[in-house]
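Keeping the supplied structure of chain Z fixed, place chain S upon it in accordance with the hints.
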Amino acid sequence: MRKSKVFIVIIFAIFVVSLFIGGNLNINAFNNKEDDCKTCHGYPATSLWLTVDKTSIEVSPEETFQLAIKGGGGTTQGTVIKIPSNVEDNGLFTLDNNMVSGTTGNLTLTTTVTSPSTTGTYTLRIFIATGSGLNGTGSSLSREATYKDIAVKITVPSEEKGINLAWIVQVTLGVILIGVISTFVIKVVTRKFGGK
Amino acid sequence: MFNLDALHSMLIELHGGTLALAAICIIGLIAAKIHWSLRKKSQSYGIFWILDGFFEWVTRYAEPTAFVAAIGGVVGLIASSIIGYYVWPVEALLDRPLALNKIMFAIFATELWIIFLAIRGKYGENLWKHNGLAATYTLTGLAGFFFTILTGSMGGHMAGKGSVLDPIYEFVGISPETPWFIGKEMMYPAIFITAIVVVILLLATKFLSKT
Chain Z
1 MRKSKVFIVI IFAIFVVSLF IGGNLNINAF NNKEDDCKTC HGYPATSLWL TVDKTSIEVS
61 PEETFQLAIK GGGGTTQGTV IKIPSNVEDN GLFTLDNNMV SGTTGNLTLT TTVTSPSTTG
121 TYTLRIFIAT GSGLNGTGSS LSREATYKDI AVKITVPSEE KGINLAWIVQ VTLGVILIGV
181 ISTFVIKVVT RKFGGK
Chain S
1 MFNLDALHSM LIELHGGTLA LAAICIIGLI AAKIHWSLRK KSQSYGIFWI LDGFFEWVTR
61 YAEPTAFVAA IGGVVGLIAS SIIGYYVWPV EALLDRPLAL NKIMFAIFAT ELWIIFLAIR
121 GKYGENLWKH NGLAATYTLT GLAGFFFTIL TGSMGGHMAG KGSVLDPIYE FVGISPETPW
181 FIGKEMMYPA IFITAIVVVI LLLATKFLSK T
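As given, the protein sequences belong to chains Z and S, one line each in that order. Its first residue numbered 1, the first sequence is counted upward by one per residue in my numbering. Its first residue numbered 1, the second sequence is counted upward by one per residue in my numbering.
For reference, chain Z alone in the conformation it holds in the complex (with noise of 0.2 Å):
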């Protein structure tokens, strides 16, 4: 009884380690991660600093642009400047490239983005964090994050915009073609019927 007791408690204790473990794993700066930064890493950021070329854009439905990104201040346990895909709109987009990681020193990110197809506002958030341990405890290190957002505007050009004449053309035209040419049709399959 009082064995199986000790096996318990070990047991227990083995359960209690691998949380702790496998946590601090999972805190981790991983880069290669995509979702918020501000879950793990502490918000807002004290020493990082981030600057995007845009803050806002307006773009046709799957047109693509580009944005050039800068940050910097992070520790030596390593900084990443990410778009992750599973923020706000961001999975909505394709980026060719969406990330870049170093040390300290600046960080300089360049990326073409193709906007989604439906028109709307849409929100591209791009983070930048720094180090790993626990924020603030467990590690004389901090781990912080900011982020950008970028109002995305998809609209619909203004030349393809409204009932265009070329489109009334297009489908009175189709309307002519099709019953013209089912008449015709009709007319030539039927002259066995004497017209029938």
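What the hints contain is simulated information worked out from the structure, not anything from laboratory work. Among the clues, some could well be false.
One-sided and incomplete, this derived list gives chain S residues near chain Z with beta-carbon spacing under 8 Å [unchecked claim]: (1) I50; (2) D52; (3) L100; (4) S163; (5) A190; (6) A204; (7) L208.
Note that beta-carbon positions come from the ideal geometry of N, C-alpha and C, so glycine has one too.
Coordinates of chain S only, in the frame set by chain Z:
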């Protein structure tokens, strides 16, 4: 006061269902026609005599069902189009290529289904005695159903739900959100070519009537 949005949705379900039934009946009738043709011409196909009863049943029930379902479908299609104009803000309809694409395909679908009904209304069940006319009748119905599917797909996008056709759009590299119509530069050549085609076909139709 009833909700127009709900009425629009109901009419969409109505015409979608009835026109799908009409299309299924048409496909059944094509299969039956092929079966009877092969039974007459091919001896080796004789082993399929077992299907005779089934195709007799298909012919008996699918033919009038296609006609009645198409009538219900056209009524539902026209009614849902009219209600649709009141449900959606005018800007949402006229400022979006997606909506313009949808309206265009709805017009083509309605016209093709009306021609389908006109053929059946004029020639009755006798149209099945003439292969050419039967082919024209069935192809008109299937073309109408094709445009009905495209219209429904665009409607799914307008409602923000997407469409089961999205993988096909992606495969062929097109987007339902972009204008599927000619630009201004192609407008006049298109009018010219259409005019020539129409004149030729009308003259040919007149010539056929005389001979």
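To see whether the hints hold, each was checked on the structure:
The restraint placing I50/S at the interface with chain Z is violated, with a minimum CB-CB distance near 33 Å, outside the 8 Å limit. The restraint placing D52/S at the interface with chain Z is violated, with a minimum CB-CB distance near 27 Å, outside the 8 Å limit. Interface restraint check: L100/S against chain Z, minimum CB-CB distance 5 Å, threshold 8 Å, status holds. Here the hint on S163/S is broken, as its CB sits about 13 Å from the closest CB of chain Z, past 8 Å.
For A190/S, the interface hint holds, the least distance from its beta-carbon to any beta-carbon of chain Z being 6 Å, beneath 8 Å. For the restraint placing A204/S at the interface with chain Z, the shortest Cβ-Cβ distance is roughly 6 Å, inside the 8 Å limit, so the hint holds. A cut of 8 Å between beta carbons decides the hint on L208/S: the least distance to chain Z is about 5 Å, and the hint holds.
The structure fails to meet hints 1, 2 and 4 from the earlier list, while all remaining hints are met.
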